[in-house]
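Residue numbers (my numbering), protein chains in the order written: chain L, 5 to 610; chain X, 8 to 96.
Everything labelled a hint here was simulated from the structure, so no lab data went into it. Incorrect hints may appear among the rest.
[Stated by the list, open to error] Derived lysine-lysine pairs resembling DSS-like cross-links, with alpha carbons at most 30 Å apart:
id : chain 1 : residue 1 : chain 2 : residue 2
1  : L       : Lys251    : X       : Lys27
2  : X       : Lys49     : X       : Lys73
3  : L       : Lys29     : X       : Lys27
4  : X       : Lys73     : L       : Lys251
5  : L       : Lys522    : X       : Lys49
6  : X       : Lys73     : L       : Lys357
7  : L       : Lys113    : L       : Lys251
8  : L       : Lys215    : L       : Lys204
9  : X       : Lys49     : L       : Lys590
Here are the chains, one letter per residue:
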Amino acid sequence: MDPITFSIIRHRLYRVVEEAVITLKHVSGSAITNEGHDLMVSLYEADGTLLLGGVGFLHHLTSAAEACKSIIRRFEGDVHEGDLFLLNDPFTAALHTSDIYLVSPIHYKGELIAWSACFVHVYDIGAMNPGGFAPDAQDVFSEGFSSPGLKIVDRGNLRQDVWDTILNMVRGPEMVALDLRSMIACNNVAKDRMVALVEKYGLPTFQETCKSLVAQSESRLRERLRELPDGSWQSRQYFDVKGEVYKVLLKMTKVDDELTFDFTGSSPQSKYSVNCTKWASLGGLFAPLFPLLCYDITWNEGVIRPIKVIAPEGSIVNCTKPSPVSVATVGAIQSVNNAACTTIAKMLASHDKYADQTSAVWHANHFAVFMFGKNQKGGDSIGILTETFAGAGGARTFADGVDIGGEIPNPISRMANVETVEAMFPVRYLFRRRLKDSGGGGEFRGGTGGELALIPHDAPDGGLNYVLSGKGSKFPQSEGLDGGNPGAINDYVWVHSEDSKDGHDCFSQSLSAIPGEKESISWGVFPLMGNDALYVRWNGGGGVGDSLDRIPGAVLTDVTNSLISPEAAREIYGVVITDNQVDEVKTEELRNSLRSERINKKVEQK
Amino acid sequence: MSTRQSATLIISDGFTCCAKCSASIGPAGQPWKHLTAVSVTKVSELPGSTSSTHQSVEIRHFSCPKCSALLDSETALPEDPFLDDVISN
Chain L
5 MDPITFSIIR HRLYRVVEEA VITLKHVSGS AITNEGHDLM VSLYEADGTL LLGGVGFLHH
65 LTSAAEACKS IIRRFEGDVH EGDLFLLNDP FTAALHTSDI YLVSPIHYKG ELIAWSACFV
125 HVYDIGAMNP GGFAPDAQDV FSEGFSSPGL KIVDRGNLRQ DVWDTILNMV RGPEMVALDL
185 RSMIACNNVA KDRMVALVEK YGLPTFQETC KSLVAQSESR LRERLRELPD GSWQSRQYFD
245 VKGEVYKVLL KMTKVDDELT FDFTGSSPQS KYSVNCTKWA SLGGLFAPLF PLLCYDITWN
305 EGVIRPIKVI APEGSIVNCT KPSPVSVATV GAIQSVNNAA CTTIAKMLAS HDKYADQTSA
365 VWHANHFAVF MFGKNQKGGD SIGILTETFA GAGGARTFAD GVDIGGEIPN PISRMANVET
425 VEAMFPVRYL FRRRLKDSGG GGEFRGGTGG ELALIPHDAP DGGLNYVLSG KGSKFPQSEG
485 LDGGNPGAIN DYVWVHSEDS KDGHDCFSQS LSAIPGEKES ISWGVFPLMG NDALYVRWNG
545 GGGVGDSLDR IPGAVLTDVT NSLISPEAAR EIYGVVITDN QVDEVKTEEL RNSLRSERIN
605 KKVEQK
Chain X
8 MSTRQSATLI ISDGFTCCAK CSASIGPAGQ PWKHLTAVSV TKVSELPGST SSTHQSVEIR
68 HFSCPKCSAL LDSETALPED PFLDDVISN
């Protein structure tokens, strides 16, 4: 077809998604959506084929495709113009119950021509813990309302009985209603713009463009894979829940123009809600694959076709019903994501042309802190600390990682301002800043993570409670590349203080200065009451290359900026700093000594 | 004639070699880490660790036995095998 028309329509599709995302953000009232950007919008062909992956959390692109296909199967003969469907069952397509998909058929002159889909993490889903992440859940039935497909709007008319039933099952129904309305508005905008597009260029041209777009993506990815050498690359992720260690093991094999991701050897499914379903695993590995391997290729079904996935049933990456999965998005899904990021980076590093496109792992350990309770205005508040979206950049082969730079699976992730959080919850930040010694060491350092501390402030009930979950605080997860070290580890500390003089007047500027007993926590529901404080530190990005090859002046700059400690400068980077200057002679001596230590160790057979 | 295996390794004349000094590590197309100099550092002993850090988890550094260039690293529990990255012949 005419390449100019093709290009114009392709760009128009991107604009459709962008406008729909803006709508979603502006209508939703939840900080997790409009501050953290925990959202996604994408477009699908009439049969549910992914046509154009949008922005937001990329884990959802393939799952929402399956949601469309599932709706098509379930409602065969009953899909009409103006309908809107809801799906959030993890064993049908969704990642966890909190991430609701609303999918909308798009008709033109009575013919079904496409679908739009979006998701937000709704304010609440009626799980046993507020906010949707349910560390106490023993099965998916304890994780809130779950639907494998529900018609919520019928030919343009809201089904009030369905609407009322959903809102009757959740906390904060007015906020959940706003979330649902934001998704309805988002789909309406996408639908209107798609119809306008077809009106302008004609249905045959639109459909030909869709087919060409998918074929082009497949062709370009296969061409890229053929450029890269055949081989296999492995990666491994550990995490911890209440002292139990879990492992996600990945072997990625490339033969000609196909890639196989094999998760054989990963841990059995857990009794805790960190499991993921097969759809979630698929989403988890495509989230880094789209931006790392297909940075200049349209993200659609064409990218999916050359990829095969092996995820053993009953494992933590393909759990069986009714395993609990509510923590999956900050649990095993992210481990799949990290593991895939590493193997893809290693493969790209094997070719001169793509070596500078590689990256160590970014922000590998999300944390979910959902605060809930009575706010300073007398209402109820539930909400996540959006700092979990403010990850650390992995180092590249030519530059350091970006400090608190976001994350690969969500190119638009961000965190709320401190003042925004303090306006919504009865809390006060003692500090929030970059975390020293958190970026993984390397010739190029991983970006730093962060640290924060909160205390109750102006709370009618004396404070709040919070639900804490994630992948624990025992293992580094942001792996390095080409010899780089992993980023530092998350940690969560509950500070108890009985002395009424200490807490509310506290302006401490470090964890050690906060008065009270300090208890490390990582899973469950905890109080932030009275004179309690909550300290959170989150992981840095992985480093790239040998730390002993880092330019000594760059190490000095990091020390000066309090991004690394003098101890790390010496032990990890082999740099001796005296009187705020690099001692070049002693640095060379120390680095030679550290290199000698490496090769004089006994070779261990594994 | 050599080809790139990674930033730190090349394949030359059927062998996986150190990219810095060209020393042969082992046959190409085969696991190679067990033929390197391996040093192990406990993560809990690194600056930036916390009291929560797992006491056994370690960072393995794989270095060229001849020139000491760092070839790769990985995070592991002691009982777990080396991760193998192999370019097919």
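- Message: X:Lys73 and L:Lys357 were given as a pair; does the straight-line alpha-carbon distance stay at or below 30 Å?
- Response: 28 Å, holds
- Is the straight-line distance between the alpha-carbon of L:Lys215 and that of L:Lys204 30 Å or less? 18 Å, holds
- Message: Run the distance test for L:Lys113 versus L:Lys251: straight-line Cα separation, threshold 30 Å.
- Response: 52 Å, violated
- Query: Are the Cα atoms of X:Lys49 and L:Lys590 separated by 30 Å or less?
  - Reply: 25 Å, holds
- Query: X:Lys49 and X:Lys73: Cα distance at most 30 Å?
  - Reply: Holds, at about 24 Å.
- Query: Taken at face value, is the distance from the CA of X:Lys49 to the CA of L:Lys522 at most 30 Å?
  - Reply: Holds. L:Lys522 to X:Lys49 sits at ~24 Å (cutoff 30 Å).
- Message: Holds or violated: L:Lys29 and X:Lys27, Cα atoms, limit 30 Å.
- Response: It is violated: about 51 Å lies between the C-alpha atoms, which goes past 30 Å.
- Message: So if I understand the rule, the pair passes when the alpha-carbon distance is 30 Å or less; does L:Lys251 with X:Lys27 pass?
- Response: 34 Å, violated
- Query: Is the straight-line distance between the alpha-carbon of X:Lys73 and that of L:Lys251 30 Å or less?
  - Reply: Violated, at roughly 34 Å.
In summary, the structure is inconsistent with hints 1, 3, 4, 7 from the numbered list given earlier, while agreeing with the others.
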